[in-house]
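J.: Protein sequence lines correspond, in order, to chains A and B.
According to our numbering, the first sequence is numbered sequentially starting from 46.
According to our numbering, the second sequence is numbered sequentially starting from 286.
Please keep in mind that the hints were generated in silico from the structure rather than gathered at the bench.
These numbers come from a predicted model, not from an experiment.
Errors might be hidden in some of the hints.
[What the hints assert, rightly or not] Listed next, the in silico SDA-like pairs over lysine to any residue satisfying Cα-Cα at most 20 Å (straight line):
{"hint": "1", "chain 1": "B", "residue 1": "Lys359", "chain 2": "A", "residue 2": "Arg202"}
{"hint": "2", "chain 1": "A", "residue 1": "Lys184", "chain 2": "B", "residue 2": "Lys404"}
{"hint": "3", "chain 1": "A", "residue 1": "Lys281", "chain 2": "B", "residue 2": "Lys353"}
{"hint": "4", "chain 1": "B", "residue 1": "Lys417", "chain 2": "A", "residue 2": "Pro102"}
{"hint": "5", "chain 1": "B", "residue 1": "Lys417", "chain 2": "A", "residue 2": "Leu287"}
{"hint": "6", "chain 1": "A", "residue 1": "Lys184", "chain 2": "B", "residue 2": "Ala451"}
{"hint": "7", "chain 1": "B", "residue 1": "Lys505", "chain 2": "B", "residue 2": "Asp495"}
{"hint": "8", "chain 1": "A", "residue 1": "Lys280", "chain 2": "B", "residue 2": "Glu507"}
{"hint": "9", "chain 1": "B", "residue 1": "Lys353", "chain 2": "A", "residue 2": "Pro102"}
{"hint": "10", "chain 1": "B", "residue 1": "Lys359", "chain 2": "A", "residue 2": "His203"}
{"hint": "11", "chain 1": "B", "residue 1": "Lys359", "chain 2": "A", "residue 2": "Pro198"}
{"hint": "12", "chain 1": "B", "residue 1": "Lys404", "chain 2": "B", "residue 2": "Asp495"}
{"hint": "13", "chain 1": "A", "residue 1": "Lys184", "chain 2": "A", "residue 2": "Lys280"}
{"hint": "14", "chain 1": "B", "residue 1": "Lys353", "chain 2": "B", "residue 2": "Pro337"}
{"hint": "15", "chain 1": "B", "residue 1": "Lys389", "chain 2": "A", "residue 2": "Pro198"}
{"hint": "16", "chain 1": "B", "residue 1": "Lys395", "chain 2": "A", "residue 2": "Leu287"}
{"hint": "17", "chain 1": "B", "residue 1": "Lys525", "chain 2": "B", "residue 2": "His479"}
[To be verified] What the simulated footprint calls covered on chain B by chain A, stretch by stretch (three residues with Cβ under 8 Å from a Cβ of chain A suffice, anywhere in the stretch; the number is not a length):
{"hint": "18", "segment": "316 to 322"}
{"hint": "19", "segment": "495 to 505"}
Don't be surprised by glycine CBs; every beta carbon is placed ideally from N, CA and C.
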Amino acid sequence: MNYNWDWGIFFKSTGIGSEIYLDWFVTGFGWTLAVALAAWIVALALGAVLGVLRTVPNRWASGIATTYVEIFRNVPLLVQLFLWYFLVPDLLPEPLELWFKQDLNPATSAYLSVVVCLGLFTAARVCEQVRTGIQALPKGQAAAARAMGFTLPQIYRHVLLPQAFRIIIPPLTSEFLNIFKNSAVASLIGLMELLAQTKQTAEFSANLFEAFTLATLIYFVLNMGLMLLMRGVEKKVAVPGLMSVGGK
Amino acid sequence: MISIQNVNKWYGDFQVLTGCSTEVDKGEVVVVCGPSGSGKSTLIKCVNALEPFQKGDIVVAGTSIADKATDLPKLRSRVGMVFQHFELFPHLSITENLTIAQTKVLGRGKDEAIDKGLKLLDRVGLKAHAHKHPGQLSGGQQQRVAIARALAMDPVVMLFDEPTSALDPEMVNEVLDVMVELAQEGMTMMCVTHEMGFARKVADRVIFMDRGQIVEDCAKDEFFGDIHARSERAQQFLAKILQH
Ligand SMILES: Nc1ncnc2c1ncn2[C@@H]1O[C@H](COP(=O)(O)OP(=O)(O)OP(=O)(O)O)[C@@H](O)[C@H]1O
Ligand SMILES: [Mg+2]
Chain A
46 MNYNWDWGIF
56 FKSTGIGSEI
66 YLDWFVTGFG
76 WTLAVALAAW
86 IVALALGAVL
96 GVLRTVPNRW
106 ASGIATTYVE
116 IFRNVPLLVQ
126 LFLWYFLVPD
136 LLPEPLELWF
146 KQDLNPATSA
156 YLSVVVCLGL
166 FTAARVCEQV
176 RTGIQALPKG
186 QAAAARAMGF
196 TLPQIYRHVL
206 LPQAFRIIIP
216 PLTSEFLNIF
226 KNSAVASLIG
236 LMELLAQTKQ
246 TAEFSANLFE
256 AFTLATLIYF
266 VLNMGLMLLM
276 RGVEKKVAVP
286 GLMSVGGK
Chain B
286 MISIQNVNKW
296 YGDFQVLTGC
306 STEVDKGEVV
316 VVCGPSGSGK
326 STLIKCVNAL
336 EPFQKGDIVV
346 AGTSIADKAT
356 DLPKLRSRVG
366 MVFQHFELFP
376 HLSITENLTI
386 AQTKVLGRGK
396 DEAIDKGLKL
406 LDRVGLKAHA
416 HKHPGQLSGG
426 QQQRVAIARA
436 LAMDPVVMLF
446 DEPTSALDPE
456 MVNEVLDVMV
466 ELAQEGMTMM
476 CVTHEMGFAR
486 KVADRVIFMD
496 RGQIVEDCAK
506 DEFFGDIHAR
516 SERAQQFLAK
526 ILQH
């Protein structure tokens, strides 16, 4: 292969305004962050609620949560994204539909679709982690809280969830990393996040390999950073004297 | 204080409790014993409605559990319970363990709750450990904290479900000492335990259960005094545990 590597490409002008290629990567990185963080908040909040519903002593509640998980886990992410972006707006009431299709700028409507899509998809996975965490706790914990007069919501809020979340930090970390990787699907509905900017750079400059090398590097460093961040969180909330299981 | 009236409970087809009736007066200490699987835990869990039952009624300090209108969390907040495995909340400090139900359930102010919690912690001899977490204490210490945690709610009665059977032998006495003191101060107590020394020392009455039924329910002196007048099952059971 006869390829002329040119790492200086990132500082060259794109020919559009005064932008250099590096600016595109910065913008793309910004969108990737914005998508992943917003979707993560949705996933964490909804996933916690669903995880609780799966464990409460009520058949309807757990049935609803189980159905949700089955649907959102088993339909491919890309299919879900196309549904949210192309189909769901058509099903909205007319004023909302017009707002989404005409008033919003295309980047914003793509952004909203992908945040909802990734958030709901990942919520199904978070739900399962939360359920596993809650079920891993000794049965006596809930019984002790109930015996002191806690109501069911108080039991979850003060006793079960704080312990369950500590247990599931490692699997949640991997969901958190996944949401960043999965955010690349946004490029398929025209959102100029990192992958889309990389492709665009490759096309404009013909420096395909440099562009994708930089993108790979950015994803890699980002992942490492997030992993360290979550380790830090894990350390910060660690319980002195370990989490004792079964009291002893 | 506690009136158990013909309580029957089933798990599916299996009847765990059959026609259980007894009374526990204010200030009385009742020890419940019996072979494994006889329904002791189930019975005392019915007393604070941790376990539902299908027939009969239990009235605690004037409140009927079978009555659909009864606010069960409120009733439970007035009944202290101590478990075999302590069940302190491992993610909370000892002080938080002692105060959380006071503030969240009883609505007490934080300072008042801490004050009360620390006083009780002092009483069980663990004041120096207030800032620690349960995982940093020994089993005996954890169980003493669990007793203090229950007392912090100003319970009208205390229930104990084998509070010493998960402990290493050398820690049993520190927990029993706290319980004896409590009994001597006039606390109404219902204790599932096989510690017959404890029963001899402070119990007013002993209940013996077998296969979901209350087989013996008599004054302590009667129970231990004339063993040969007891039912055959009770005699066998006593022979077994008194060997230890
Ligand atoms: N959730 C449950 N579902 C079905 N059966 C149960 C359940 N809990 C307890 N049992 C059964 O009910 C019976 C009484 O149990 P219980 O725990 O009250 O006995 P126990 O006298 O406390 O025994 P131990 O000394 O072993 O603690 C046992 O045969 C037990 O197997
Ligand atoms: Mg038991």
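J.: Now, for every hint given, state plainly whether the structure supports it.
T.: Verification of the hints:
Using a Cα cut-off of 20 Å, the hinted pair Lys359 (chain B) and Arg202 (chain A) holds, with the two alpha carbons roughly 18 Å apart. At most 20 Å may separate the alpha-carbon atoms for a hinted pair to count; Lys184 (chain A) and Lys404 (chain B) exceed this at roughly 29 Å. Restraint check: the Cα-Cα separation between Lys281 (chain A) and Lys353 (chain B) comes to about 45 Å, which exceeds 20 Å; the hinted pair is violated. Annotation: proposed proximity of Lys417 (chain B) to Pro102 (chain A) is violated, straight-line Cα distance about 33 Å (limit 20 Å).
The straight-line distance between the Cα atoms of Lys417 (chain B) and Leu287 (chain A) is roughly 12 Å, inside the 20 Å bound, and the hint therefore holds. The hinted pair formed by Lys184 (chain A) and Ala451 (chain B) meets the criterion: a straight-line CA distance of about 16 Å does not exceed 20 Å. Restraint check: the Cα-Cα separation between Lys505 (chain B) and Asp495 (chain B) comes to about 18 Å, which is no more than 20 Å; the hinted pair holds. Between Lys280 (chain A) and Glu507 (chain B) the alpha-carbon distance is near 58 Å, which puts this suggested pair outside the 20 Å criterion.
The hinted pair formed by Lys353 (chain B) and Pro102 (chain A) meets the criterion: a straight-line CA distance of about 18 Å does not exceed 20 Å. For the given pair, Lys359 (chain B) sits about 17 Å from His203 (chain A) by alpha-carbon distance, which is consistent with the 20 Å threshold. Distance hint between Lys359 (chain B) and Pro198 (chain A) is fulfilled; the C-alpha atoms sit about 15 Å from each other, no more than 20 Å. At roughly 40 Å between alpha-carbon atoms, Lys404 (chain B) and Asp495 (chain B) are farther apart than 20 Å, so this suggested pair is violated.
Between Lys184 (chain A) and Lys280 (chain A), the direct Cα distance comes to roughly 26 Å. Violation of the 20 Å bound is thereby established for this hinted pair. Between Lys353 (chain B) and Pro337 (chain B), the direct Cα distance comes to roughly 12 Å. Compliance with the 20 Å bound is thereby established for this hinted pair. Annotation: proposed proximity of Lys389 (chain B) to Pro198 (chain A) holds, straight-line Cα distance about 11 Å (limit 20 Å). About 27 Å separates the Cα atoms of Lys395 (chain B) and Leu287 (chain A), which puts this hinted pair outside 20 Å; it is violated.
The suggested pairing of Lys525 (chain B) with His479 (chain B) holds, with an alpha-carbon distance near 11 Å, which does not exceed 20 Å. Here the segment 316 to 322 of chain B counts 0 residues with a CB under 8 Å from a CB of chain A, which misses the bar of 3, and the coverage is violated. Counting residues of the segment 495 to 505 of chain B whose beta carbon lies closer than 8 Å to any beta carbon of chain A gives 0, which falls short of the minimum of three for the stated coverage.
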